[in-house]
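Peer 1: Take a look at the letters that make up each chain.
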Amino acid sequence: MKINLKECMENVRTNTPLVHNITNYVTVNDCANILLACGASPIMSDDINDVEDITSICSGLNINIGTLNGNTIPSMFAAGKKANELSHPVLLDPVGAGASNIRTKTSLDLLNQVQFTAIRGNISEIKVLASGSGNTRGVDADISDTVTKDNIKSVIEFAKEFARKTNSIIAITGATDIITDGEKAVCVYNGDAAMSKITGTGCQLSAMMTAYICANPENIFDACCTAVIAMGVCGEIAKKRMTEQDGNSSYRNYIIDAIYNLDSETLERWARYEIC
Amino acid sequence: MKINLKECMENVRTNTPLVHNITNYVTVNDCANILLACGASPIMSDDINDVEDITSICSGLNINIGTLNGNTIPSMFAAGKKANELSHPVLLDPVGAGASNIRTKTSLDLLNQVQFTAIRGNISEIKVLASGSGNTRGVDADISDTVTKDNIKSVIEFAKEFARKTNSIIAITGATDIITDGEKAVCVYNGDAAMSKITGTGCQLSAMMTAYICANPENIFDACCTAVIAMGVCGEIAKKRMTEQDGNSSYRNYIIDAIYNLDSETLERWARYEIC
Amino acid sequence: MKINLKECMENVRTNTPLVHNITNYVTVNDCANILLACGASPIMSDDINDVEDITSICSGLNINIGTLNGNTIPSMFAAGKKANELSHPVLLDPVGAGASNIRTKTSLDLLNQVQFTAIRGNISEIKVLASGSGNTRGVDADISDTVTKDNIKSVIEFAKEFARKTNSIIAITGATDIITDGEKAVCVYNGDAAMSKITGTGCQLSAMMTAYICANPENIFDACCTAVIAMGVCGEIAKKRMTEQDGNSSYRNYIIDAIYNLDSETLERWARYEIC
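Residue numbers (the numbering used here), protein chains in the order written: chain A, 139 to 414; chain B, 139 to 414; chain C, 139 to 414.
Simulated from the structure, these hints should not be mistaken for lab results.
Values in this document were obtained by computation on a predicted structure and should not be read as measured data.
Heads up, a few of these hints could be off.
Pairs involving identical chains hold if they fit within one copy or between any two copies, as the list cannot separate such chains.
Stated by the list, open to error - Listed next, the in silico DSSO-like pairs over lysine-lysine satisfying Cα-Cα at most 30 Å (straight line):
no.: 1; residue 1: Lys219; residue 2: Lys140
no.: 2; residue 1: Lys220; residue 2: Lys335
no.: 3; residue 1: Lys243; residue 2: Lys144
no.: 4; residue 1: Lys243; residue 2: Lys378
no.: 5; residue 1: Lys140; residue 2: Lys291
no.: 6; residue 1: Lys243; residue 2: Lys377
no.: 7; residue 1: Lys220; residue 2: Lys303
no.: 8; residue 1: Lys220; residue 2: Lys243
no.: 9; residue 1: Lys378; residue 2: Lys335
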């Protein structure tokens, strides 16, 4: 199997999907800029009286629960249900699920009341969703939950099962990224460890995955894989650009810049993935 | 007519106006940094129990309705009325007016209850305000609402009429920017198309326009034109600085940097505008 | 007396403390990135139903009252009390105390109900806390409150007294930074005037101080001094890196980058402080 990288990527630039984001205030600016960088258009809205109108004029919805609060939680449900009604794709990024009761409960309730097209998180967050409870160390993957050579097969099986149960594409991202629709599974080896030293690379990927899904309605699995690969490839391109004085702040800018300048030939050449 | 670019720009650096911003959480950091870059000082406050005190110690108020919500909407009215009471200039940036009922209604209600010194938006947003209803595609100008050579004269007439009706300076920004006080109108040709690939260049301009108005109370029309020209010129300067690897994230930084380093000679040399 | 710069700095990288931040939406992204840059891990959470759980899994809490609101104020108290219960360090950054009644009142009430390990602000903000009322010009130090050669001795005495009264380490930052635990006092001369042209260098320092305290529980005074010195040193390193075209936006990135790349030898070589 080959992923249709070129087509998936170029469709975003051609279709310029408008993506509705209900997202945290920490990384929201980077999410907006990476959406613009990849060829999409962002709109942020999280008020209960605003979200249904906004999601109606968009192509898809990205729900990120970081910095959730009593006002934005009802908006997530209202927007998610509206997007479902309109058959718009909806993505869930369960930031910090397992780190607090309200984050876990909100994620699980969203799963029950909204049909998600895709769910992206680290292994700990996805495990929390799958098990219906759990513990994560803030927004980072729990150490005991790291994906390694030894446990990758069982993680893939776990992800496939969760994908079938939720009828969603599951993307577990980390040193190795796993994307599955419940039948097929792809492992992505792109990326750089330093990406974890930037706040919000996960949030940015979730926003970009939503745009890719919107622009590729006939091929959403390939779209998700392409977004994950593009983020990893650009993490590598940006890393190569770094000088001795550059740190995580410049790296953040360089990754968004690399997404902006990415062409499909480079994407195909740098992509490292396999069916797994 | 020549715009007093040099004086308007230097007055901001000399007077260092403190600007109160009620603004969206997407681009708020860039708004703060561009205010500092141009010589002003920012303060952000949007709580109903905070805004009247804060606006009282400031020179002016910038109301930007992006990511408005049930808590911040009443704050916009309270701060706007307080600023009016104190004869402080107030600017409105009706982000996404037309994209949702609550954004349209809030903009129109603000127009009715607060006297704005200036209103800055894209053509779609301004049309929504003028017509009292409408439709915009998120935060971008509606395609059918693009300002072209063919319709620019009617757009100018429309803007002049709206300026007279609201007794505000109207700035319609896009590929060509139009600024009018209802009598005079100026067309600005500075800027670069890539600016639309950065989130919040409009928001940044609104913040900066507020600072320019604060620092030039005797000449607010020239102040508005100067802010618009400065933003466009710096968009061009920053564009020239870009390398092959730079994208929209670096471009964002370079524009703010260019505002920081802008001198009045450069501004005058690069300015491209005409009375229209 | 010599401050244990090397040990304090390296302990952050070794211990990677998870820091809970209740902070403003203006500079929150920079706070997250500087925490990652210095070796810590950030989590942001400000909802009343989220903060107690989140602070429980963290090593310490940073409360920054910029853009405080009716929802986040109760969260500051709940999280602060929970952190006290758990004997976690808690830092207060009273942004804009004195600029509005609600900011002053919230700061003073927090002081009464939460035991702070450290308090960091500019001279105006700290004076407001100490006097129980006052006036500050937005988020900048009141001109009449500038620390000068002539008044530095009385400022140090004032800070020591406030430190004893609150049983907190007090850090008054500005051109010269003063850190005291009520007995010892250190003056830091590092930094660059251009840092005041970036939004949020103070907020970033507060976040970083919290991380340093978390990682050095046996030596929190040295930890606070080291964080202040590190920020100043990196402000100088970043300044040297600036080209003619760089302004405050690139400078912001360069400071975070410098924190990311800082090694203890450089820190020790560049540090300029004295017991005072």
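Peer 1: Now look at each hint and say whether the structure bears it out.
Peer 2: Right, here's what the structure says about each hint:
no., hint, in the structure
1, Lys219 with Lys140, "neither (34 Å within a copy, 55 Å between copies)"
2, Lys220 with Lys335, "between (35 Å within a copy, 28 Å between copies)"
3, Lys243 with Lys144, "neither (38 Å within a copy, 43 Å between copies)"
4, Lys243 with Lys378, "neither (41 Å within a copy, 49 Å between copies)"
5, Lys140 with Lys291, "within (21 Å within a copy, 53 Å between copies)"
6, Lys243 with Lys377, "neither (37 Å within a copy, 46 Å between copies)"
7, Lys220 with Lys303, "within (22 Å within a copy, 38 Å between copies)"
8, Lys220 with Lys243, "both (21 Å within a copy, 21 Å between copies)"
9, Lys378 with Lys335, "both (16 Å within a copy, 24 Å between copies)"
The structure fails to meet hints 1, 3, 4, 6 from the earlier list, while all remaining hints are met.
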